Amino acid sequence: MKKTEKKQHDVLTIGIVLTNVALYATCYQLQRPIEPFLVQKIGADDREYGRLQSFFSFVQTLGSPVVGSFLDFIGPKIMFVIVFGSSALSYGILSQATSVKLLYLSKIPTILQAGFLVAQALVASITRGHESERAAALGRLTTAYTVGATLGPALGGILGARGDYYRGARLAVIGSIFSMLLAVLLPKESSNTNQSTDQHHSSSNHDISTKKRGQIALAKSVWPLLITKTMTGVTNSILGTALPLVLRDIGFDEKRLGLSMSVSSALVAIVGAFCLGPLSLALPGASLPARALLFKTVAVLILGLAASSGISILLATIIALHAAIAHVLATSMTSVSVGSVQRNEQGTLLGIEHALFALSRIFGPSFATSSGLGILSLCTICALIDGILALLFPVLMTDILLISPSSKSKLHHNKSSSSDYHILEKEEHDEKKQS
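Residue numbers (our numbering): 460 to 894.
To be clear, the hints were calculated from the coordinates, so they are not data collected in a lab.
Please read all numbers here as calculations on a predicted model, not as lab measurements.
Possibly wrong hints are sitting among the right ones.
Stated by the list, open to error - Derived pair list, reagent style BS3-like, types lysine-lysine, alpha-carbon separation capped at 27 Å:
(1) K500 <-> K566
(2) K560 <-> K500
(3) K500 <-> K714
(4) K714 <-> K566
Put together the whole structure using the sequences plus the hints.
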C-alpha cells in the first residue's frame with residue numbers, strides 16, 4: 460500500500476473508530492447517574508449498589524482477555540460488531556429491569572463489552588513506531604470517549620429527572636445498533652491490521668521474535684506498568700463508587716449528578732485533546748506516569764478534605780481535576796506498554812490490561828459501600844496507596860528496557876543486547892518495506 464493510500468485508509472479508519480467510541484461512551488454513560496437512584500427505587504440499599512458495580516467488574520475481568528485474544532485472530536472489524544451487539548443486549552435487559560435480579564442479569568452480556576479495548580488496539584497498530592504520535596492518538600481516542608461521557612450523563616440525568624429511569628437504556632439500545640452498522644463500514648484492510656505485516660515473516664523468525672518480544676516486553680517492561688495501573692484502579696473504583704453517593708446525599712438530584720459527571724468528562728476530554736501529546740514529548744517514556752502518580756496522590760488528599768466539607772461546588776471541582784489527572788496517568792501507561800510489544804501482540808496485551816483493571820474494580824465498590832468508613836477515611840486510604848505507588852514506580856522502572864526510538868539507539872550501542880535489537884530492527888524494516 461502506498462503512503463498516500465495508507466494515510467487515507469488510516470484517516471477513514473480512525474474517523475469511524477472515534478465516532479463509534481464517542482457513541483459507545485454516550486450509550487454507556489446514559490444510565491450512570493441514574494443507577495444509584497434506580498437501585499434505591501427498586502428497594503435495594505447502597506451496599507447492593509456497590510455489589511452490583513463489583514459484579515459488573517467481575518464480568519469484565521472474565522471477558523477482557525477473551526476479547527483481546529479474539530481480536531488478534533479475527534481483527535477489529537468483526538470484534539466491533541460483536542462488542543456493540545453485546546452492548547445492545549445488555550441495555551435491552553436493563554430497559555426492562557424492575558428487580559435486582561434483572562439488574563445483575565443485564566451485566567452478563569457486558570462480558571464482551573470491550574469497545575474501547577478494540578479501539579485502542581486498532582489505533583496503537585496504526586501509529587506503531589511513533590511514540591509521541593501514539594500517545595497523542597490514544598489521547599484523542601480517550602477524548603472521543605470523554606465527549607460521549609460528557610454528553611451521556613447530562614442527557615441521562617435529564618431523562619431520569621422526568622421520572623422514567625429506563626429511557627436512557629432504551630436510547631442506548633438504538634445507539635449500539637447504529638454502532639454495529641458503522642463498524643461494518645470500516646475499511647476491509649483494517650480487519651487484518653494486526654496480522655498483515657507479520658504474515659510476511661518466515662514462521663521461524665516470527666516464533667523467535669514473539670518469544671524475544673514477550674521476554675523483553677512482558678517480563679521487563681509491561682508488568683510493572685500493569686501492576687501500577689491495577690492498584691490505581693482499586694483507588695479509582697473506591698472513589699468512583701463513593702463519590703456519587705456522597706453527592707446524592709448532599710442534595711444532588713439526577714440532573715445535577717449527571718451534570719457533575721459531564722463536567723468531569725469535559726475536562727478529561729480537553730486534557731486528552733490538547734495536553735497529552737505535548738506532555739508525552741516533554742516527559743517521554745515512564746516519566747509522565749511517574750509525575751502523574753504524584754499529582755494524583757495530592758489530588759486525592761484534597762478530594763477527601765473537599766468531600767468532608769460538604770461544599771458541593773468545591774467537591775465537584777476537585778472531582779473533575781482528579782479525573783483529569785487519573786486520565787493522564789492511565790493513558791500514558793497504556794501508551795508506554797503498547798509501545799513495548801509487537802503489533803500482533805497488542806490485542807492480547809490490552810486484553811490483559813483491561814482484565815486486570817476490571818479485576819481491580821471488583822474489590823473497590825463493595826469496600827466503599829460496606830466498610831462503614833466515611834469519605835475522608837476512604838480518601839486517606841486511597842491517597843496512601845497512590846503515594847506508595849508514586850514512591851515505588853521510579854524504582855520499578857529504573858532498569859526497564861522500553862522499545863522506543865531512544866531505547867533502540869541504546870540497544871544499538873549495547874553489544875550484549877545486539878541480537879534483540881536486530882530482531883526488532885528487521886521486523887520494523889520489513890513492515891516499512893511492505894507499506
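These are the hints, each one checked on the structure:
Of the supplied pair hints, the one linking K500 and K566 holds, its CA atoms being roughly 19 Å apart against a limit of 27 Å. Restraint check for K560 and K500: the C-alpha separation of about 14 Å stays at or below 27 Å, so the hint holds. A threshold of 27 Å between alpha carbons decides the hint, and for K500 with K714 the separation of about 16 Å falls inside it, so the pair holds. Distance hint between K714 and K566 is fulfilled; the C-alpha atoms sit about 24 Å from each other, no more than 27 Å.
Of the numbered hints listed earlier, not one is contradicted by the structure.
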